[in-house]
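Asks: Work the whole structure out from these sequences, hints included.
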Amino acid sequence: MNFALTTEQTDAGTAIIALSGEVDLYTAPELKEELVRVIDAGARGVVVDLSRTTFIDSTTLGVLISGVKRLRPNGGSVELVVTDENIRKIFEITRLQHQFDTHEEVTDAIRSLR
Amino acid sequence: MTETLRLRIPAKAEYLVLGRLALTGLSRLRPIDHDDLSDLKLALTEACTNSIRHAYGGSSGSVEIEFVVEPGSITIEVQDEGGGFDLRDDHAPDGRLDEGGLGLAIIRAVTDEVESVRRRGGTGSCLRFRKRLAEPRADGES
Chain A
5 MNFALTTEQT DAGTAIIALS GEVDLYTAPE LKEELVRVID AGARGVVVDL
55 SRTTFIDSTT LGVLISGVKR LRPNGGSVEL VVTDENIRKI FEITRLQHQF
105 DTHEEVTDAI RSLR
Chain B
56 MTETLRLRIP AKAEYLVLGR LALTGLSRLR PIDHDDLSDL KLALTEACTN
106 SIRHAYGGSS GSVEIEFVVE PGSITIEVQD EGGGFDLRDD HAPDGRLDEG
156 GLGLAIIRAV TDEVESVRRR GGTGSCLRFR KRLAEPRADG ES
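Each protein sequence line maps, in turn, to chains A and B.
When you read off a place in the first sequence, starting at 1, and then add 4, the result is the number in this note's numbering.
When you read off a place in the second sequence, starting at 1, and then add 55, the result is the number in this note's numbering.
Derived by calculation from the structure, the hints in this document are not laboratory data.
Even for Gly, the Cβ is constructed at its ideal location relative to N, Cα and C.
Restraint ranges, calculated between C-beta atoms of paired labels, are given here:
1) 25(A) with 190(B): 28 to 36 Å
2) 111(A) with 170(B): 43 to 51 Å
3) 56(A) with 109(B): 27 to 35 Å
Cross-link-like lysine-lysine pairs, in silico, DSS-like; alpha carbons within 30 Å at most:
4) 93(A) with 73(A)
5) 36(A) with 73(A)
6) 93(A) with 67(B)
7) 36(A) with 67(B)
8) 93(A) with 36(A)
9) 67(B) with 73(A)
Replies: So this is what it looks like as structure tokens:
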């Protein structure tokens with residue numbers, strides 16, 4: 005599946021970035037650029053929806069971590085939507101599962117931001 | 056029976072996907088369990104990413120990938136002509152918010168053996184990893 009990224013701004017402080025396809029060294033910079041853009045535009049809560057993502061790697065983790073580092077000092081957070089067991093496993097391998105709240109549904113992720 | 060496949064890609068991020076596609080192709084010839092295939096794609100991507108990021112310092116080069124498929128296992132070698140992985144820098148993930156340095160730990164976690172070996176025929180680096188393969192599930196998912 006080809007990589008695609010879409011962003012929905014639910015309110016001034018909340019953005020949902022949905023990724024589909026494979027995220028790696030080639031495509032992760034698009035995610036990073038979008039994360040920076042929505043945070044600079046005022047988002048304090050960002051949901052990254054990985055429910056249609058088929059592959060992530062350590063480069064992707066690095067980008068998500070950079071988002072957390074930008075948001076957390078201001079009380080913001082990155083919430084993840086993860087449905088694929090192999091994607092969930094990467095967070096466990098790297099012991100990063102405690103740094104991110106993961107959800108099965110976007111609605112749950114949004115609710116936890118409020 | 057042992058089968059060997061070699062692939063040489065330019066050391067550029069846009070070619071990373073070719074390694075994963077090669078694994079998908081191999082899984083058609085020799086059915087591979089879905090989770091094993093996912094682990095192999097992740098390990099291969101991490102190894103190639105390291106070569107692309109660190110081997111050539113922005114100049115052009117290539118990454119050679121060798122897949123050796125044996126009954127019950129796959130061994131993959133990733134070679135470049137640069138610095139590559141330094142296994143002495145290996146450390147277990149500690150769950151802190153560090154943006155780099157996770158690649159080798161991930162490879163170790165999803166494969167059974169990892170070693171850095173001398174590159175055939177000259178300078179550069181070669182990372183070799185082997186994964187034992189489970190019998191594919193009866194539902195044929197791979």
